Every structure is written in C-alpha cells, then in structure tokens.
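Given the structure of chain A, go ahead and fit chain B onto it with the hints provided.
There are 2 protein chains.
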Amino acid sequence: MTDKPKTKGDFTLPGEAGYEDMTLELAERWGADAIRDSDGTVLSDKIVEADYPIYSTICLVRADNEWAKANRDKLQQNYLMSDPVVAEKEHIDIDLLKGFFREQFEINANDDPKTWWQVFDRTTAEEVTKDQWTFDKDSGAVTVQNVKKWHKYTVNFLAYRIWEGISMYNHITNDWGDREHQMPIDPIYPEAQQAMLNYLKKWLDEHPRTKIVRFTSLFYNFAWFWGDPAIQKFRYADWGSYEMTVSPMAMRLFSRAKGYEMTSEDFVNNGAYCSSHNVPSGRLWDWMDFMNEFVVRFGRQCIDMIHDAGKLAYMFYDDHWVGTEPWGRRYRDLNFDGLIKCVFNAFEARLCAGVQGVRTKELRLHPYLFPTGLKGEPTFMEGGNPALDAKRFWVNIRRGLLRMPIDRIGLGGYLHLVRDFPDFVDAIEHITNEFRTLKQFHAGGAPYTAPLKAVVLTAWGKWRSWDYVGHFIPGVEIYEVTESLAGLPVDVSFISFQDIQKHGIPDGVDIIINAGKAGSVWSGGEHWKDARVIEAITGWVAQGGGFIGIGEPSAVRHSSQYFQLAHLLGVDREIGLTLSHVKLPVTVSSTHFILKDFDGEPDFGKEIDNVYVLGSDTEVLTEKEGSPRITVNSFGKGKTIYMSGFKFSPENTRLLHRSLFTAAGKEPEYRAWTCSNIRTDCAFYPRIKKLVVISSSDTAETTDVFDAAGKSIRIHLEPHGIKIMDMS
Amino acid sequence: MTDKPKTKGDFTLPGEAGYEDMTLELAERWGADAIRDSDGTVLSDKIVEADYPIYSTICLVRADNEWAKANRDKLQQNYLMSDPVVAEKEHIDIDLLKGFFREQFEINANDDPKTWWQVFDRTTAEEVTKDQWTFDKDSGAVTVQNVKKWHKYTVNFLAYRIWEGISMYNHITNDWGDREHQMPIDPIYPEAQQAMLNYLKKWLDEHPRTKIVRFTSLFYNFAWFWGDPAIQKFRYADWGSYEMTVSPMAMRLFSRAKGYEMTSEDFVNNGAYCSSHNVPSGRLWDWMDFMNEFVVRFGRQCIDMIHDAGKLAYMFYDDHWVGTEPWGRRYRDLNFDGLIKCVFNAFEARLCAGVQGVRTKELRLHPYLFPTGLKGEPTFMEGGNPALDAKRFWVNIRRGLLRMPIDRIGLGGYLHLVRDFPDFVDAIEHITNEFRTLKQFHAGGAPYTAPLKAVVLTAWGKWRSWDYVGHFIPGVEIYEVTESLAGLPVDVSFISFQDIQKHGIPDGVDIIINAGKAGSVWSGGEHWKDARVIEAITGWVAQGGGFIGIGEPSAVRHSSQYFQLAHLLGVDREIGLTLSHVKLPVTVSSTHFILKDFDGEPDFGKEIDNVYVLGSDTEVLTEKEGSPRITVNSFGKGKTIYMSGFKFSPENTRLLHRSLFTAAGKEPEYRAWTCSNIRTDCAFYPRIKKLVVISSSDTAETTDVFDAAGKSIRIHLEPHGIKIMDMS
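Sequence order for the protein chains is A and B.
The numbering of the first sequence is the working numbering, which starts it at 323 and goes up by one.
The numbering of the second sequence is the working numbering, which starts it at 323 and goes up by one.
No lab work stands behind these hints, which were simulated from the structure alone.
All figures in this text were calculated on a predicted structure; none of them were measured in a lab.
A couple of the hints might just be wrong.
No distinction is drawn between identical chains; accordingly, a pair holds when it is met within one copy or between any pair of copies.
[Stated by the list, open to error] In the DSS-like style, the derived pairs of lysine-lysine whose C-alpha atoms are separated by at most 25 Å in a straight line are:
(1) Lys555 to Lys697
(2) Lys784 to Lys946
(3) Lys470 to Lys851
(4) Lys471 to Lys959
Chain A with its partners taken away, still in its complex shape (with noise of 0.2 Å):
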C-alpha cells in the first residue's frame, strides 16, 4: 500500500454507542470527517455532540411501528405462489404459506381473494375458473373442486409483509431476540403518506445535530422471499426486482394511469416472478414506470421536508432502492443531495459514480461490521479475515476508481467488533489514505481514455446500466464482462434493445458488447426476433461497427439461426436440432493480437459447448474439443469477435481490452498507457500529468508502462501495491 503521509476527511465511521472513546479513536485514525448510526446501533450523545457532522439512518417504511400495527391493511404486500400441488383426487386443499417463512408473510384475506388472486392448472398451464375454487381464512388454504386428477395446481395470493425484510435480515444475523418485529408499511395509501410525514416532521425536530439523513433506502425493498426454517431459510432474492410494490391500491391505480389492468400472473410468471435477469416484458416495464414515477414523486415530498429542515438528503443504492432507479430519466427529481453504494467490486463502484443528479457519492465498503457476511460466513468472529477481506475488495474496487471519482468511502456495522482486529484497522487506515489519494488526481480533471467507445447492450439498457439487476450471480457473464470494463481505460455506456428499434445504433460507437445465455435480460431474448435490430447492428457492422458476443449472444430459436447474428459472427451454437449436419473442422491460428499478453488457454469458467463456425473466414483463436472459443470474423467494413464465455481475471481482461480495439479497428491505438503485466492497471491524468499504476496480484510484480508516445517505463510493486509517477 501507499506510503504517503496521513490525510483526512472523506471518510464515514460508523459510530457505537458504549464504545464512545473507540468511536473517536477509529475517527481519528481513518481520518473521518462523519460519524454514522446503523440499523441496531445508536449514537451516543458524546459523539454526537463530538465535532462530526452525523449521519442518521431513517428508514420510513419500518419506522412507526405503532402505527403499522393500528394499520394492518396498510402494510406491503406481494404476490406469492403456493408450491404445487398434485391432485389426487377430485379436489385438492392447499395451504397457501407452506414453506415460507410465516413470520415474515400473511395472507391478505382483506381485498377479494376472487378479485386479486388466480389458480392455475400448471399441467396444462391454464387458470382455473374462479367458482371452482374457495379460501378459506382460517386455515389459510384454497380448495379446489373438479380437479383434473394428476395435475399440478398453484395459487397466486397476496400476502401481507408483517416483518420488514432487511431489519429481519439483521434482527435474525444478530440474535435480536424478542425485539419487537418491524412491519413495512405502504406508501401507496394516502394515509400512509401522511404518517410518514409526519413521523419524518417529528423525527427532523428531534434530531437537531443531524446534518445528514441517510435513507436506507426509501420505500419498497427489493424482492426477498424467505421460507420456512426447517427447510430453507431463503426462497427467492432480486436485488433489483419490483414483487415488493405490489397492492390492489396500487394496481388500481396502475390500471387507471396505463389503462389496463395487471393480473397476479404478471407479477408470479410461471413462478419465475419477475426476475432482473428475465426480459421484461411490456407490461413489466409499465408497471416499473408507474412505480418510478409514484416514488419519485412521493420521496422528493420527504426529501424537499429535511431540506427544509437545513439538512441534506443520502440514498443508500440497496435495500429499499427499488422504484428509485438512480440510472432512471426521473432520479435527478428526488433532488438527492448524496447516494451511497456498498460494493465488493469494481462495477458496483462504477455504477454509483456514473449516476447523474446528485452532488455526492459515497461507497460503502465491505465487510461489513457483522460477525457474518451475507452468505453467512464468518467475518467478525473466530474463522474471519475481515482485514484479508477488506484488501482483497478494495483492489477490485481501486480498478474503477481509477476511472471515475468517487466523493467517499466508509464502513457500516457495529464499530465494537472491530476491537479484535487490529490488522483490520491498519488495513482501513491504508484505504482510507489511498482513497483519498486517488480522489484528489480526479480533481485535476479525467483520466487519459482510449478513443473508444463501447455500448453493452442488454434489454434493460441505461436504465440498470452497470447491471445492477440481483447482485452477483456466479456464472452470469455480464458481471465478469462489467467488472473487467469497469478499470478499463475505455468510455463504456449501456444500450437497450428500444434503444435500437428507435434511434439506431448511436453515432460514435465504436463497440456493442452483448453478452449473456439465451433467454437472458443480458443477451435479449426475444428482441433478437426483432429484425429492426438485426438491420441496425448488421447495417453498422457492415459500414466499420465492431461486434464482440459472449456466450450466447443474439440468441433465441427463431427462424434458421440460433444466433441471430451469426452472418456477423461467423458462428453458431448447435443446441440439438442439427446433430446431423456435419460441422466445418475448426482450424486454430493462435498469433492473433487479441492473444499477446499472456500464454495458455484462458479459463472463461463454464462456458458455451457446441459453437460451430460457419466458414473457413472464421478465425478460430483458440478451441475445447471442437468447440471454438475465441473467434474473430470480418462482415463488411466491421470486425466481430465471439467468446465461448468469460470470468473476471487478469488473463481475460486483457483479452477483452485487446478485443475492443480489434473489433473496433483500432489495434494501433491500443499501446498508449497501457501496462504490459496483465497483472497491473494503470491511469494517466493529463491535466496534472500523474501516473497511477495499481497491482491486484498477492506478489509483487514488475511492469512496463507505456505511454503515448510508446516509451516504457518499468515500475516495480508490492503486493495489492500502487505507485504514483510524476510524468511532467
């Protein structure tokens, strides 16, 4: 790490009431310059009352929980989908909540089960009449009559959210005991509104040396499905999902803004849901629009009060984020005055930064002060490494903090746990400096940037640029596609597919990236039947585009291609419907420019079998038994590249660097600082003319830079180490 003196200030400390003297302590050893509470922590007023400005969490929808318990019908709620039920008989009872988590679920047996709900016969996929069916409120289940006997039958219900899912989350991961449970309640209603106005109102007045509210977040969380205990503490979690805003109210009110209705099946979708990582469909994004719209405009309500109030408004970028869409046209409205993002990687950093519409960002690093992480494993307690943790996070991160500035950084959690960890507060203290570092080069003006612009295209476009649609699934190309973009010295922006349909491919594009499994919101699905955009992307393409697809991209069964650019690619995938056909052989030339760099076969981890070239013009780069895994085809003017798949690695971003500047015919271009070990990234800040070089390896690693003109220079680093060249 860096060896420059000791600064101050940007920097958030989670403060811990009882551990005031190690609140001020921490605060001036990682140079804070705010002190934050956290769900389960409060502050005490010697650090309130110490010289830092305070950060107060606020969370409205779980705040009042008086008043949710006088309101029950006014608490969120969602559709779920019983598990199936296999008719044996003539008629079939089905116990609605079996196998969910029923402290966290109620079945809403207000609003007319007849009127909001559906049974469906998925044998056959059909839904059931609605007089063949009845509920029945004290037991909890539907009984359906005149089933066909052998098939399958689930309910589409509503269900009350009688604990509130994150204070669940952090309630059960600390042992809260019989602390009263908290319920979300609805902001849909008016009467709910006005509750929440007024608890902020009062809140405002009685927390005077609050300087900033932090929303963590605003109203709806993000879709979390728990089930029951004894068989499976989690069912369905999207980080990006909309389930959660779901009520008759609301899709009342959906029906009189879009002017038609949405049915239950369109939030439970086979059981699928509406997941980020599914296309949406039309009706998806009506429903996401409306309810952009409605938090938009009630939040900027709550915002404009605590602006009147003399303080400023923070968004945390997680849990009840949903409705809020910080990439979304509307985000600017809610007149933020700072987001906050927590983040492991490099991409998540990038999405905060990119953000438009609000002064302040701030990253929230991991781990977070909890003895367990988010998977349960241990951090701050015996079999931890929160320091190993916190270093291994922070290197992916720097990658993209190279690229875009960032305002600040801290920690949430409880400040105590620390107290065992030393190496874990030398570690932080080292951070802090470096970011602090870094940020002050972004002062001076952007980072040198290749002449190069790429667009990933996916079905959600800008609106989740930077993919953030359910956290990191592993195996999801795009995550390993947008982490290695994220610390690249390239301007990569985000399309959708309406995007296309509508303006074409954008002027200036040097790339479109698209890359994900068929059927994926990230490949398209359905839109690649849409010969619009195969007219555009060909029609550029042919005039100098570059078109670099990964895994399955343009896939869908359509027609008599798989691949739906598979004239552009050269290759198509056999996915069984032409074992018969007889596959050209599969020549490999392995000198290729996209391969300098590094030796060996690249592991792109689970990857695309079954790829077949179309034509000896096919460049084969590199091959699995048969199966070709880096292609580079010419269609026209433009240059396609195809990847069997991709995982964030050294060896492969460098792959996917160089690929850029092939597809975009611009391999000449490439050398311009730029560093030769794979291992290292480097930025150049022109204005002020320094050098940034970072390492992300565990050893210490020599590299040569180059610089515009071409000349190298040999920079030596420690592990995770990171050196700053004055070039004046």
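Structure of chain B alone, referenced to chain A:
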C-alpha cells in the same frame, strides 16, 4: 475366446474374382456356408461353381444406368436449402448449389420452380412472395427483388441426384477413377417401376447360380448431402430420414392420399431438414406413412418376382432401407426371407433380432473390408488394426447375442485386403466359432430373463425401436442407454407418446425409461405439453410404476416446470429463468442399492448440469458442483430415478441394471443370474441348463455368478473370454 472344436455354417463370406484360392480357403477356415459379392467386387465362375450358395447383391435404383441417362427427369430428387445470403442492396442473387457437391446434385429445372420452390427471409422467418423472385436456369441462381437490406435469404429448391450416394461413397473411398457415375432412378414413376422390373427379370435369368438376392437395399437412400469438396466433404447425414424420397410426383400422390399438400418447407424445416433426432411433426409422420406404403407395395412386386424365380430375397438394413421400416406394421408384407444388419454394437444386434415378419436375420460384422472405415480412419491399410477392431466390436455385439438369437453372421468388402492381416483371419475364425456356439443355445429356448418389463418412451416408439435413427451420435444418451439395455437380462421394448395418448401405459410394464435432451425425439419435446401423457404416467407411477429419467426427461419449456414430470422425479433443472430462486441444499447418501458393485463416481460423459431437488424427500446418491447426478424419489406407491447423463460402460450398465429393479420395486429379485464383476455378463438357458459367462474386459477377470437360489459360482475368464457351464 472359446476352445470349442471347429464348427461350420451360418457364415457369409465376401468372395472376390482374381482371388479364388483365397476365397475358398477362407470359406473353409471361417466355416462359411454362403459366398456373396459386394459393391465393387464380382464373383468369378470358379467361385460361383464351388459348392456354396451364392448371395448376389442388387440395387435396382442404380442398376440400369442407361435407362437413367435416357430418363434424367426420373432421377431421384430432394429439397435442398441454399446457403443463406445477406442482402447488401435491393436485390440478391443466390447461387443455389454453392457449397454443395455438384457431382451429386443438379437443379431440377423441369418442374416449375414457382410451384415447388420457396424463398425465405430467414431473418423474419417469412416466405418471400413468388412474384419477387426468378430462377435463371443457365446460372443456376435465384434472383430476389426488393429484398430487405441486411436480411438473410435462402431458397428451398429441388435437386436431382446425379450420383447415387452409396456407390459415390464406394467409388471415392476406393478410387474407382473414371468408372461411370451411377444415377438413382425413382420408382415413384410407373415407367421407372417397369424398367426396374424388366431389369430384375433379366437379371434373375442371368444369375441362375444365385441362391439369395441381396438387396442393398430397396429404393431410397438415407439422407446424405455432400458438400463442395473444397469446403467440406459431407454436409448432412441422417441414417433414418426421408428427405431423399421427395419428388413433385410423390408430393402429388401424397396430396391425393392424405388430402393436403406438403410444402418444400415441410422438408427443409429451417435448414434442419427432417432429422430423425428431432420430434417428427404430424405432417412428417403422414409423409413417412405414405412412402412406407408405397415402398412396401412396389417392393413386394420385386420380391414376388424373385420368389417366382425360385430364389430368396434378403434385405440390407442400411443404405436404401428408408421406407421399409422393419419395425413398422407393413414390413411383413414385403415378404423378405432375410434381413441383414451391419453392426458395431449390441443395440444394433437387438435392432435386427427383434424384427418380426422375416425368417433369417444376419449380422454383417465390422470392419468392412475396405482400406478405411466410415470415419475415414485406416483399417485394412498401414496404421489400421482390423483384428483389434473386429474383437472390440464383437465383444459389444456378443452382449446382445446372449439375449436374442441371430441366425447368421458375415463380412463384406474386398476379401483380398485381409491378406496382410493374418491376425484378423484368426480373429474371425474365433468369432465365427463363438457365434455358432451361442446360436445353438438359443435353439434350446430363451435364456432366463428377469421378471421385469421395461419400455423406452420416445417420440418414435416401436417404429424406431433400438433407436435406428442416425447411427451413433456421440453424447446422445439414448444410444448409450440402449447399448447397456441390449445386454441385460430384462424385457425391453419401445413405446411412443401416441401409444400412451391412445392406450395409456401397456399392461405388465414395470418401468418407463425416458432419456435424452430437451426437444429431441428421444426426450419427446412438445409431446410433454400433452396433459394426457402426464396424467397417464403420473397415475401409473402412483399405483406402483417405476420411471427412470436420464438427461432431460420430460423436458420442455412449458408452464411452471421444465421437467414436466418434476413432481415425480423430485428434481428439476434450472435453465436460467429462476436464477434468483434459492435451491434446496443437496445432501448425498451414497449407500443405495443402486450404487453397490463399484466405488467412485460414475462417468456420465457430458451430463446435464444445474439440476436441483424439489424437496428433502428426494434422495441424492451423487452430485457434482451441487447438481444431483443420480436421485431416487417416491411418488405414491411408485419410484422414480433420475440420472444426469449416461455413457455405456460396465459401471453405468450396472447402475442402470440395478436402477431397473429399484424403480420396479423389485430389488430382492435382482440377484438371480447376475455376475458380481461388472465387466462380465452371463445368460442362463434353463431348458438346456447351460450357463454362458462372457467378459468384455481386455484383461483376465474373475466373477461370481449367482444362480436362481442365490448360490454363487466362481468363474475365471480370459481377456474377452467366454465360459460355458453345464448346470444340470
């Protein structure tokens, strides 16, 4: 091999003019009782006049090239799809035969292209109207006007075959130089029928010494499209497909018979053609039924003529077998005396052995006496080891011969090639003796078969029993499964989805097996959306039936499940639609009855991943990266077993053998007449009280055989050995 005294008979030797002494010497050595010619060989008078019955090969569709040349409009035809062309301007020219072997195909310009051809925009999957395109006979190109820029176009067109496929293969493989290319004529034309009957009559008169007329085979070759040799030799090969039966004449007759018209796209099918590995459409079934009726009707005329001449008629179950359908209901109407199948494996032996309506069944062993094998690998030339090949194939085939009788074996090709391979001559001597020994046991009655009836459920059902749909395609589960089944002492038959729809599960069935990848003819594809199938199987399992699913059993994207029998199997597969759903943890219990007899993990080849259990009741016997590989589940009184893949091996054959008993609820009945050593098999012939034990191992093996009382007999076997025990 056996040390039995030398025996004679039941062996067909390929003779060769110019090698008379060798022919007669090997006839003696191998115990031949018949001599045949082969494509490319003739028998001299000296051979014909020796005291052996003569088989003479005949292939009527390519027999009279003079007639073919004089009637080029009556050559056989098929639809081809031109390679796709991307439109770069307002019109495109498509060179129809580009990429195809122009010595095999000639565009049919006689039948009006506007009537019989179709042009498709393969980007939109829509047909281009007939007024938009024109065909130029001289250039062999179709020009399409007013195309959509950047869309991809193809033409379905009719091509005559101007070189008959099998003789083309033999010609090229054996360098026949400028020998005239034989052209296939189409018996769909009455004139061609008459010419063929005239030819046959004359031929019969000219072959007085011929005892057996060996058809290779009847009229239509399996589908085999060759490519431009500069690009690829073969483009498409499907040993069971009807592409090559098509002509305008046949299509007109079809529409009269079936009341509707087939289109070119029914055969081209997005370029996938009518591959036997895809689920046949109702229209394709109709076409196959129509052609089968025709082939049997006209075939019978030819066979009657042979019988009238006092000769026998045998059919080769390869090459031009399409339309004969030996497992179909009309086959016996052909009145063939013999059926000859070329074999590599046990399942092919069963394929031949199980055919009804023909008296004599003969296997033509491999290797064929050609310099190279079917994949171009060296055989009877430097680098080849035909003796080892022969033994390896024999060991596989022998497993099938333990279970079902075959009447004869034989070889084919150029006999002189064996000169340089004395070990091959020895090997065949052993094999012929062994074959005769096994045959004599069957003469005493059927061997012991466990009280266990298994049916394999595919979209073909009985019509393509033992899965003769495309030779052995690597990685296709059904071949591996049927190869294992072919040597097991259980009753195996094949049923289709239509059988279940119409008649339910047949009486007496203990186990249904469904094995294959989603969408394949073996798994069943869209058939699994049919609730009647789900009802029948579910109800039957609930009453005690056993279901074994391998790979992607019952899989189709439909409703809330991917495996439509997930409720029976207790597992389903994640195909990317529910990534955000948390799956139940997998706990492995590896002490199940199924896993006895060997340690370690089975090798299933490329298996299905991302499988998950639906409940804790599902027993997981082994898993990989969290994905169950073998599971056992109960439903009602029945049992189900899931396997993530299958590969024919001693270990997996044993797994399957035991699984059958578990699924059937008959584990206690497993032991009788089984071997302890998985590399050995045995058969007990109760009427003559003989026990045969064979080893498929390259090394010496010891095994215990358990008799019906559970008493064990220890047996030692040589590599690939056989032992006969008298149990009386």
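Find the hints from earlier in the document that the structure breaks and name them by number, from lowest to highest.
Number 2 only.
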